[in-house]
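Enquirer: Here are the chains, one letter per residue:
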Amino acid sequence: MAILITAKNLKKSYGKGKNTVHALGPIDFTVVEGSFTIILGKSGSGKSTLLNLLSGLDSPTDGTLVVAGESLNKLKSGKLAKYRAKIGLIFQFYNLLPNLSTLENVMISSWLKGISVSKQDATSLLKQFGLEHRINSNIKTLSGGEKQRVAICRSLINKPAILFCDEPTGALDTANGQIVKDILVKLNKEGMTIVMVTHNEEFIPMADKIITMKDGIIESMNTQISK
Amino acid sequence: MFIKTKALFLILQKHLLSKWGRVLLAQAGIMIGVWAISLTSSLSLGLSDKIVTAINSQPSSREISIYKSEKGDTNFFQVSGPPKFVFISKQEIQNLTNTVSGIDSVSPTATLGTFTKKPSTPSDYNCVDKSIAINHTPVTNPSNPTSVDTQQIPANPEDKKIFSENCYEFRFSSSSYQAYFDNHRTKLIGSQNRPQIGEISICYKCGDLNLNQKIGVNSPSEMIGKNITIDVNQTPGYLPTGSVYDTASRQGTTKTITKSNPITLKIVSVVDDSQANNNPFATGGQFIAYLDFSYYENAIKQFDPSVDLNKIGYISADIAVTSYDKLDNAINQLQGQKYLTLSATQFLISGVKTLFTVLTYFLAGFGLIVLISSIFGIINVMTISVLERRKEIGIIKSLGGNDNDIFIIFLLESIFLGIVGWLFGILLALGTGKIISAVVISLINSNPEWKGNLATFNINEFTPVFPWQLLAITFGLAVFFTSISGLIPSIRASKQNIVEVLRSE
Chain A
2 MAILITAKNL
12 KKSYGKGKNT
22 VHALGPIDFT
32 VVEGSFTIIL
42 GKSGSGKSTL
52 LNLLSGLDSP
62 TDGTLVVAGE
72 SLNKLKSGKL
82 AKYRAKIGLI
92 FQFYNLLPNL
102 STLENVMISS
112 WLKGISVSKQ
122 DATSLLKQFG
132 LEHRINSNIK
142 TLSGGEKQRV
152 AICRSLINKP
162 AILFCDEPTG
172 ALDTANGQIV
182 KDILVKLNKE
192 GMTIVMVTHN
202 EEFIPMADKI
212 ITMKDGIIES
222 MNTQISK
Chain B
25 MFIKTKALFL
35 ILQKHLLSKW
45 GRVLLAQAGI
55 MIGVWAISLT
65 SSLSLGLSDK
75 IVTAINSQPS
85 SREISIYKSE
95 KGDTNFFQVS
105 GPPKFVFISK
115 QEIQNLTNTV
125 SGIDSVSPTA
135 TLGTFTKKPS
145 TPSDYNCVDK
155 SIAINHTPVT
165 NPSNPTSVDT
175 QQIPANPEDK
185 KIFSENCYEF
195 RFSSSSYQAY
205 FDNHRTKLIG
215 SQNRPQIGEI
225 SICYKCGDLN
235 LNQKIGVNSP
245 SEMIGKNITI
255 DVNQTPGYLP
265 TGSVYDTASR
275 QGTTKTITKS
285 NPITLKIVSV
295 VDDSQANNNP
305 FATGGQFIAY
315 LDFSYYENAI
325 KQFDPSVDLN
335 KIGYISADIA
345 VTSYDKLDNA
355 INQLQGQKYL
365 TLSATQFLIS
375 GVKTLFTVLT
385 YFLAGFGLIV
395 LISSIFGIIN
405 VMTISVLERR
415 KEIGIIKSLG
425 GNDNDIFIIF
435 LLESIFLGIV
445 GWLFGILLAL
455 GTGKIISAVV
465 ISLINSNPEW
475 KGNLATFNIN
485 EFTPVFPWQL
495 LAITFGLAVF
505 FTSISGLIPS
515 IRASKQNIVE
525 VLRSE
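From first to last, the protein sequence lines stand for chains A and B. Taking the working numbering, the leading residue of the first sequence gets 2, the next gets one more, and so forth. Taking the working numbering, the leading residue of the second sequence gets 25, the next gets one more, and so forth.
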């Protein structure tokens, strides 16, 4: 399996001089293509900071970070935006555009990347996730589970190389959490590389690699071969 | 690029629809500014156009007076100090018909004849029937035996009554009579041809002279064919061609003839000055009579039989062009020939335009101030919008949108406010303009005095004018000011830290 993510001596700090806060690092790890990696850790452990760096939402202060052949540590905001267009992102609180319909939320993801997508393709994707009855609904009228499924559809519409998930089941009830978990497992089985930040230990059995963070560094990193 | 633009417009459209109340509030300043500018300009332009049309429709709009300045000045209002005029020969004046295009008629300026009704006026009496003066005057002026001495009023009450009822002052407003006649003849009753030798065109009432009563007629048409006796007793202004007339020292160009020369003329056309609305002469119909120009030259000859009329010069000439649109071109040609020109119409119209331009600028300035003030309102609204939409900014960025996309979305939003404000402002101006013109029209029509004063101005045609230039300028101003207003909030929006804004609730 090819290595999709390489992090070497990766650091992130905020502020300057005496006010500098070292939020992350140094850390080193790799993620192989098609794997399911989960990042565990308590609040303030640096897991979300790491995911922000991996997903191009933020830039590292030091070190090397290569994702899908793209070196992120030297990219300026415009190039980072282009990088974000290539990946999929799922948030705990869905982060859907509130004034748009379900279908528009999915399609806008492609349009913002400058990619043309047909209404049929977007509709078909929404149907795969059981949202056929919600296609033209205002996003505000959807339940949490439905919203997260729309968010997943939005992240998948452009067939990303990698899917980053930040606590995707954190805001969902058990039933909806299970649905989302099943979807992600299915996607991974179909070959999608997934990196997920979570508190949900139910994901542990499905993970290929478990990175446990503490105080901004990797406390442990376990690889499960027989998942 | 097109696909991305589609995305940005979709986001903008959905946002604006969800916040339409705020949009309406935010564009109010622009709307009021555009309304004020458009309304004042459209009313001014409409009124200005109507006044210019009204002035153009007057026969006198075709008239140009020419002089020849000693200094070679060509614009009457640029002459500094008392001007000195060079007398122009009649031949030179008449040659202008061939050298300047668009000329309908041209005539030298001259003054002729007077007789008076008022006993206190030291001039000779003249009567419709000259015999009245002779038969009813016991004593004639010894120095002027055929005329009546003003100091020798008939003592007999009956003679005095007959005298006062039939004899009156009449001054020929004969300066430029030919040009005036040609300009106004379509409004004459009777013949529209120029009066020939032995004929006269005259006013009906002649103001307080009540000439109609003197002649004993009750309508202008009854006056046609009647005879009137007048006394040519004053010479026109003249000096030999090339002489210089100093307006400061007023070198004598007018000489009073000491002997009377009564002539009887047939009335061939009448100016109906009995009703102001029908009077073609804006200044009133008093003392208007038109004679063949030979009478003026005869008067000179009468004063000085030795004078060579071929060498007489005239201080000015009046020219009528065939239509108003030939006026400017004719003036340019005349000025090219070093004539000093004076066109009351051109002066009036330029005055009206200047007045309305000043008015428009003044009132539009108010609108501009409102527009400038609205900048702060829009900056506030846009800043609130940025703060409220921080999360949305983060989402768009997380989906691949870059700083420029965010900047464009917010800038487009502020420009949209400008466009909406402009549209509402124009519609409002259109509506209020129509209401104002309707109110003004009904107000004027309800007041007979005002209506009479505006007889030559068809107030019913007064409508606000919205030329495309006005629409373009106001559109440009609205978009410019909203772009300026939206600039800082848009930059601020584009620079939002994606991690921080996604974390915000």
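Don't read these hints as lab results, they were simulated from the structure. Mixed in with the good hints, there may be bad ones.
[Stated by the list, open to error] Below, computed lysine to any residue pairings styled on SDA-like, alpha-carbon distance capped at 20 Å:
#, chain 1, residue 1, chain 2, residue 2
1, A, Lys187, A, Gly35
2, B, Lys28, A, Pro161
3, A, Lys83, B, Gly389
4, A, Lys160, A, Gln121
5, B, Lys377, B, Gly389
6, B, Lys28, A, Ser102
7, B, Lys250, B, Thr271
8, B, Lys43, A, Gly16
9, B, Lys377, B, Lys28
10, A, Lys141, B, Lys38
11, A, Lys43, B, Arg527
12, B, Lys290, B, Arg218
13, B, Lys519, A, Gly16
14, A, Lys120, B, Met25
15, B, Lys43, A, Ile140
16, B, Lys350, B, Lys335
17, A, Lys141, B, Trp44
18, B, Lys38, A, Ile136
19, A, Lys141, A, Pro99
20, B, Lys290, B, Phe317
[Unchecked claim] If you only want the chain A side, here are some residues facing chain B, beta carbon under 8 Å, derived:
#, residue
21, Asn53
22, Asp59
23, Ile109
24, Ile116
25, Gln129
Note that beta-carbon positions come from the ideal geometry of N, C-alpha and C, so glycine has one too.
Enquirer: Given the hint that Lys28 of chain B pairs with Pro161 of chain A, test it: the Cα-Cα distance must not exceed 20 Å.
Expert: holds (18 Å)
Enquirer: Compare the distance between the alpha carbons of Lys43 of chain A and Arg527 of chain B with 20 Å, and conclude whether the hinted pair is satisfied.
Expert: Given pair Lys43 of chain A, Arg527 of chain B holds - Cα atoms ~17 Å apart, limit 20 Å.
Enquirer: Hint validation: Asp59 of chain A versus chain B, beta carbon distance must be below 8 Å. Holds or violated?
Expert: holds (5 Å)
Enquirer: Within 20 Å, alpha carbon to alpha carbon, are Lys43 of chain B and Gly16 of chain A?
Expert: Cα-Cα ~37 Å, so violated.
Enquirer: Under the criterion that the straight-line Cα-Cα distance not exceed 20 Å, is the pair Lys350 of chain B, Lys335 of chain B satisfied?
Expert: violated (31 Å)
Enquirer: For the pair we were handed, Lys160 of chain A and Gln121 of chain A, check the Cα-Cα distance against 20 Å.
Expert: holds (15 Å)
Enquirer: Is Lys187 of chain A close enough to Gly35 of chain A, meaning Cα to Cα at most 20 Å?
Expert: holds (12 Å)
Enquirer: Tell me if the straight-line CA distance from Lys141 of chain A to Trp44 of chain B falls inside 20 Å.
Expert: Since the Cα atoms of Lys141 of chain A and Trp44 of chain B sit roughly 18 Å apart, the hinted pair holds (cutoff 20 Å).
Enquirer: Would you mind confirming whether the straight-line C-alpha gap from Lys377 of chain B to Lys28 of chain B stays at or under 20 Å?
Expert: Roughly 50 Å separates the two Cα atoms, so the pair is violated.
Enquirer: Given the proposed pairing of Lys141 of chain A with Lys38 of chain B, does the C-alpha separation stay at or below 20 Å?
Expert: holds (13 Å)
Enquirer: For the hint on Gln129 of chain A, just tell me whether its beta-carbon gets within less than 8 Å of chain B.
Expert: With a closest approach of 20 Å, the Gln129 of chain A hint is violated.
Enquirer: Is Lys377 of chain B close enough to Gly389 of chain B, meaning Cα to Cα at most 20 Å?
Expert: With a Cα-Cα distance of about 18 Å, the restraint between Lys377 of chain B and Gly389 of chain B holds, given a limit of 20 Å.
Checked against the numbered hints listed earlier, the structure breaks hints 3, 7, 8, 9, 16 and 25; every other hint is satisfied.
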